[in-house]
Every structure is written in C-alpha cells, then in structure tokens.
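**Student:** Read in order, the letters of the sequence shown correspond to residues 23 to 293 in this note's numbering.
In short, the hints are calculated from the structure, not lab data. Since the model is a prediction, treat every value here as computed from it, not as a measurement. We treat Cβ as the ideally placed atom computed from N, Cα and C, and that holds for glycine. Accuracy of the hints is not assured; some may be wrong.
Said to hold, decoys possible - Beta-carbon label-pair distances, calculated as ranges:
1. Gly60 <-> Asp106: 42 to 52 Å
2. Lys284 <-> Glu150: 37 to 47 Å
3. Thr252 <-> Ile121: 31 to 41 Å
4. Val292 <-> Met144: 29 to 39 Å
5. Ser145 <-> Asp92: 21 to 31 Å
As the list claims (entries may be wrong) - Computed cross-link-like contacts, EDC-like style, restricted to lysine to aspartate or glutamate with a CA-CA straight-line distance of at most 20 Å:
6. Lys82 <-> Asp65
7. Lys264 <-> Glu166
8. Lys270 <-> Glu166
9. Lys289 <-> Glu166
10. Lys169 <-> Asp105
11. Lys288 <-> Glu71
12. Lys64 <-> Asp48
13. Lys67 <-> Glu213
14. Lys180 <-> Glu166
15. Lys120 <-> Asp92
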Amino acid sequence: MTQTLLRTTAIFLMIAFQSQAQKNMDIENSPNFRSLSGIHNKDGKKIKEGIIYRSGNFSKLTPSDVTKFDALHINTIVDFRNDDEIKKDPDFIPAGQKIETTRANIGSINGKEMGQFMKIMMSPTFNEAQADSLMVAANAGFAESAKDFKPFFDEVKKKETVVLFHCTAGKDRTGFASSLLLHILDVSDEEIMKDYLRSNEAIAKTDLSKYKAYGIPEERMAKLMGVKQTYLEAAWATAIKKYGSIDKMLLVEYGIDKKVKKQIQKKYLVK
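Using the sequences plus the hints, can you model the full thing?
**Tutor:** Here it is, written out as structure tokens:
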C-alpha cells in the first residue's frame, strides 16, 4: 500500500472525529482540548500551569468557550492541518486576541487517494486487523516525515510563547508531537503513553451513527476511531530505525541538542 494512501487513512479518520469534544479544559466545542500541565518527569518535576496546550479543531467555539479560551492567554498556535482541513474549519481567533499562527501543513490528500481509501473501507472482507495495520502504518509515516513537525519545535524553543498545538482530532499528529515534547522534558515512556491514550476518553463518547453519510457501517468505523499503544510504538520504532534514536532525530530535524533540551526543560518544568 502506498504512503499517500496510508496518509489518506489517517487524515480521513482525523476529519471524521472532529465534532466530538473531550472536556478536559471545559472547551465544549473543541475536540480533545487539554493542558499538558501537571505531568511529572523522571526527576519529579512537573510541567508548569498555563504554558502548553493541545487540542483538535476549534473553529466553532461557543461564547462560553471563548471566555475560557481568553483566560488561557495563548499567544501562539501551531496548526498541523493541511490546506483542505483549514479551509473547511479555520481556527477561531477571538476578537482582540493577538495570536501568532504557524502552519505545518502535515498530511495533504486528494480526491483520488480518498477514493482508494473508501474502496478499501467498503470491502466486505475489511476487518479489525486491517484497520490496525492501516493506522500503524499511517502513524509510522509521521516519523518518516518528522521534518514536517519542525515549525512546532521552533515555537517550543522560544522563551515567551504560550503554545496551543493542534490538528483536526487532536490525537494522531498532535499525539506524535506531544510524545516528542514529553520526551524532551524527560517524561518516562510510561507517562508519555498514558497521555497519548487519554484521547480515547473523548473518542469513547463519539456518536458513530453520523458516519453512515460516508457509507461506512458504525461497527467498522468504531475499529478505526481510537488510538492504541501500537500506533505510537510504530512511530517511535520507525524514528529509531531511521535515525538511531529519538534524541538523534530531535537533533537532526529540529536542532535540539543537550543544551537546547535543557533550555526547553527550564521553560516548561517546575519543581
């Protein structure tokens, strides 16, 4: 199966998930919106309050959401979505907010690729093992294209930024980026995985009946909607195979050496 088709798989599922909100931050109309604050690293330090957030699409904030969003004092948004996703659901920036937006444009798809994916999804022989295989390969693709995440880490390195990074669902592209940031902050692999899997709390509440509009049965969609440990493991294994280690990838693609890592830790961590 081609890399473009695998990429299409991931993007389709990200878009399909976009309307379901996880209320970690009580942002009703933004999927999977949550802070990374409070996560402890191996030395017992924790991520500071009010400095880094992750989410899905937030194009349709309610008035109550806007009030809560304002209170976060976010000054930088990193958007991992592609052009088509952004055109469909542009970020909602509250009036009067001075927020810099950086785009990474990860995962461009076209009509032909979507058609190929839909054909696979509608096959009567499609099963959960195939679904897992598709998602494992799609997530491994993030590591193959690790350089695409550089705009995020460029913002992370800046001293004064309060960053919100997001894609459409806030689970795959955002989950991979979050795992790398937590690694930089010396968080254990176990805690990194716990944060990654938290997206399932939102996905469990998703109304799958709406996906009949795509021509896909609910039970089939259910097999594709969540995140699994094997997905992130595939991304990391691919990175290690390609670069030798996660730290080497951070150095080669983002210029994050030991000195820069310490600077990032100083910015984000507190005892």
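**Student:** A separate judgement is required for each hint: does it hold in the structure or not?
**Tutor:** Hints, verified against the model:
{"no.": "1", "hint": "Gly60 <-> Asp106: 42 to 52 Å", "in the structure": "violated, 35 Å"}
{"no.": "2", "hint": "Lys284 <-> Glu150: 37 to 47 Å", "in the structure": "holds, 44 Å"}
{"no.": "3", "hint": "Thr252 <-> Ile121: 31 to 41 Å", "in the structure": "holds, 36 Å"}
{"no.": "4", "hint": "Val292 <-> Met144: 29 to 39 Å", "in the structure": "violated, 51 Å"}
{"no.": "5", "hint": "Ser145 <-> Asp92: 21 to 31 Å", "in the structure": "violated, 47 Å"}
{"no.": "6", "hint": "Lys82 <-> Asp65", "in the structure": "violated, 39 Å"}
{"no.": "7", "hint": "Lys264 <-> Glu166", "in the structure": "holds, 8 Å"}
{"no.": "8", "hint": "Lys270 <-> Glu166", "in the structure": "holds, 14 Å"}
{"no.": "9", "hint": "Lys289 <-> Glu166", "in the structure": "violated, 28 Å"}
{"no.": "10", "hint": "Lys169 <-> Asp105", "in the structure": "holds, 18 Å"}
{"no.": "11", "hint": "Lys288 <-> Glu71", "in the structure": "holds, 14 Å"}
{"no.": "12", "hint": "Lys64 <-> Asp48", "in the structure": "violated, 29 Å"}
{"no.": "13", "hint": "Lys67 <-> Glu213", "in the structure": "holds, 13 Å"}
{"no.": "14", "hint": "Lys180 <-> Glu166", "in the structure": "violated, 25 Å"}
{"no.": "15", "hint": "Lys120 <-> Asp92", "in the structure": "holds, 11 Å"}
When each numbered hint is compared with the structure, violations occur for hints 1, 4, 5, 6, 9, 12, 14.
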